[in-house]
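In order, the protein sequences belong to chains G and P. If you read the first sequence in the numbering used here, its first letter stands for residue 1, the second for the next number, and so on. If you read the second sequence in the numbering used here, its first letter stands for residue 1, the second for the next number, and so on.
No wet-lab data here; the hints were simulated from the structure. Check the hints yourself; a few may be wrong.
[Said to hold, decoys possible] Computed list of lysine to any residue pairs in SDA-like fashion (alpha-carbon distance at most 25 Å, straight line):
hint	chain 1	residue 1	chain 2	residue 2
1	G	LYS337	P	GLU54
2	G	LYS138	G	ASN205
3	G	LYS126	P	GLY137
4	G	LYS138	P	THR76
5	G	LYS135	P	GLU54
6	G	LYS163	P	GLU74
7	G	LYS163	P	GLU220
8	G	LYS86	P	ASN40
9	G	LYS337	P	SER50
10	G	LYS212	G	LYS302
11	G	LYS202	G	LYS251
12	G	LYS254	G	ASP267
13	G	LYS251	G	SER264
14	G	LYS337	P	LEU37
15	G	LYS163	P	LEU37
16	G	LYS138	P	GLY68
Predicted, not measured: the structure shown is a model, and the values here were computed from it.
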Amino acid sequence: MKSLFKSTSKLLVATSLVMGLGASSLMADVKDKFQVSWTIYVGWMPWDYAQEKGIIDKWAKKYGIEIEMVQVNDYIESINQYTAGKFDGCLMTNMDALTIPAAGGVDSTAVIMGDFSNGNDGILLKDKKDLADIKGQKVNLVELSVSHYLLARALETVSMSEKDVTVVNTSDADMVSAYGSDEITAMTTWNPQLSEIMTNNKSANLVYDSSKIPGEIIDMLVINTETLKDNPKLAKALTGAWFEVMALMKKGDKEALEFMAKASGTDLKGYKSQLDSTMMFYDPAEAVKFADSADLPKTMKKVSEFSFDHGILGEGAPNAEFIGMAFPNGKTFGDTKNIKLRFIDTYVKMAAEGKL
Amino acid sequence: MKRFMNLRPSKATALFLGLLPFFILVLFYLVASDARLAENPNDKLLPSVSSFVEAADRMAFTPSKRTGEILFVEDTVSSLERLGLGVLISAVLALLMGIPLGLIPFVRAGLSPFVAAFSMVPPMAVLPILFIVIGMGEMAKVALIVIGVTPLIVRDLQQRVSEIPAEQLIKAQTLGASTWTIVVRVVLPQVLPRLFDAVRLTLGTAWIFLISAEAIAATEGLGYRIFLVRRYMSMDVILPYVAWITFLAFLFDYLLKKFTYKVFPWYDAGKERS
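Same shape as in the complex, but just chain G:
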């Protein structure tokens, strides 16, 4: 009887693995086919261009592997799928990397920090012009996202806290139509919605934006640490492809920029204005400098504290140091026995030195 139960449970485990519940991370080892998920955002459109124009394929071939960039419509869904093990890599912000995969116990490595938001995220007030007027208002935003973080940082500057406002969780896809509603008086959102609202509504005043906290909202390519350890080729190929596109963008290659503009649903002018509020690291040396700077651990400390205060570091997290983070040059933050998020400069440095 016992052996019957044993074999039955074995069968069940096998079935659940086949059903995809078992993650690819369970079987992490050397492999030659990889999938990376991405979503539409100004700083990630170069990935789309690289995929469509065969730049990814070219670099993957160089290292003898295959890479597929999978576009997912819903940003959170793409991160959740990565965390569940469906993807080897995923594009996400620093805060989401900490609160979703890292808090979920999935050890992740930020391989390329491609850009940071330098005005792409902002707080809008209807008819009022001063951030301090936000007191007592309902603020529509995607709760527990970088928008929420931006609001918290903004409130600090006018000696207020979240208690002084009411946060209303609102889906990012509905921001533009929601702004037309009379009840909405304050909103925090990001591009392209942010600029869409500002162009269409004279009443919308930008009272605070991410250019006041430069370097705190970072967009990055994250790869599962175990997959990366067994397959450094994946990171090499992706980094090579990325900086090939970056070089084109730096030159102002019209064809590439027009492709990205179209793919993100705007025109060249609109895309360029979004790029203006994005600090892109076109040059690998700049990206290395950013990864190595002493500001990065400080930023992540703030993000970690914010996340802990909002209960999104995962249950059983007794304090903001619960999830450890590692930075280039051996710096760490938090519990070194529970390091789940790693920032590295290894591959970007190789790109800077032309060794890819």
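Given chain G, put chain P in place with the hints provided.
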């Protein structure tokens, strides 16, 4: 001749067979969850039973750090308020429209095609317009349920009214009843239990609209909580919430059925005869 189709399970066997699928589901979950947790103890996709208990304790018994309220109670109360109000308004509107539509040819000629066409508009598709017209407050969530559910009940009631045998209506008229008397004495008693039936059938739809409305903009509610914690994949909160919603839906369905048979005994009797 004994055939498989003629064999009936005993009461105990029936109970066992009824519980078996649930048991298999739970077993399947536990095994899959164990397999994932063995690999990564912090896995969030299929949390262990103990993390469900912890989450339940946190949501239902511990006051929230931020507001000092018990989140689970707050979520349930505000969702049920919206659902109850939405379904009540829909039912009343449906009764007011369904009877004239089914009984009075002039009303039917004027409104029936409109109602039929309107009921085909998917509310979720015109959501941006609804925001601007009704705003995004509490009213909008109730309105979404009303817009989504009312046409369904109206059309059902209209159908039921027009199914009333013509003989009954003619007989009432030969006895001297006016249109109003017929509505009150002949149609209403036959249609009211149908209304409750229709409400039961549309409750599932009402839940869908409630949860969609709460996903779009809200500060509390069962749907709100699910979409909020989805952001960091807290399945330990989502799964108990889903179970709770399922239980509530099941409970309402059961209570409405009991209530209908209690208040309209003739409806029950009529059903048994047929």
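Given the hint that LYS337 of chain G pairs with GLU54 of chain P, does the C-alpha gap stay at or below 25 Å? 24 Å, holds
Is it true that the CA of LYS138 of chain G sits at most 25 Å from the CA of GLY68 of chain P? 19 Å, holds
Keeping to a limit of 25 Å between CA atoms, is the pair of LYS163 of chain G and LEU37 of chain P held or broken? 37 Å, violated
Regarding the pair LYS254 of chain G and ASP267 of chain G, is the alpha-carbon distance no greater than 25 Å? 12 Å, holds
Are the Cα atoms of LYS251 of chain G and SER264 of chain G separated by 25 Å or less? Since the Cα atoms of LYS251 of chain G and SER264 of chain G sit roughly 20 Å apart, the hinted pair holds (cutoff 25 Å).
Hinted pair, alpha-carbon criterion (25 Å max): LYS138 of chain G, THR76 of chain P. Please report holds or violated. With a Cα-Cα distance of about 22 Å, the restraint between LYS138 of chain G and THR76 of chain P holds, given a limit of 25 Å.
25 Å Cα cutoff - pair LYS86 of chain G, ASN40 of chain P: 15 Å, holds
Can you confirm whether the C-alpha distance between LYS126 of chain G and GLY137 of chain P stays at or below 25 Å? The hint holds at about 17 Å.
Given the proposed pairing of LYS202 of chain G with LYS251 of chain G, does the C-alpha separation stay at or below 25 Å? Between LYS202 of chain G and LYS251 of chain G the Cα gap is close to 35 Å, so the pair fails against 25 Å, i.e. violated.
Is it true that the CA of LYS163 of chain G sits at most 25 Å from the CA of GLU74 of chain P? Holds, because 18 Å separates the two Cα atoms, which is no more than 25 Å.
Given pair status - SER50 of chain P, LYS337 of chain G, alpha carbons within 25 Å: 23 Å, holds
Please verify whether LYS138 of chain G and ASN205 of chain G have alpha carbons no more than 25 Å apart. 16 Å, holds
In summary, the structure is inconsistent with hints 5, 11, 15 from the numbered list given earlier, while agreeing with the others.
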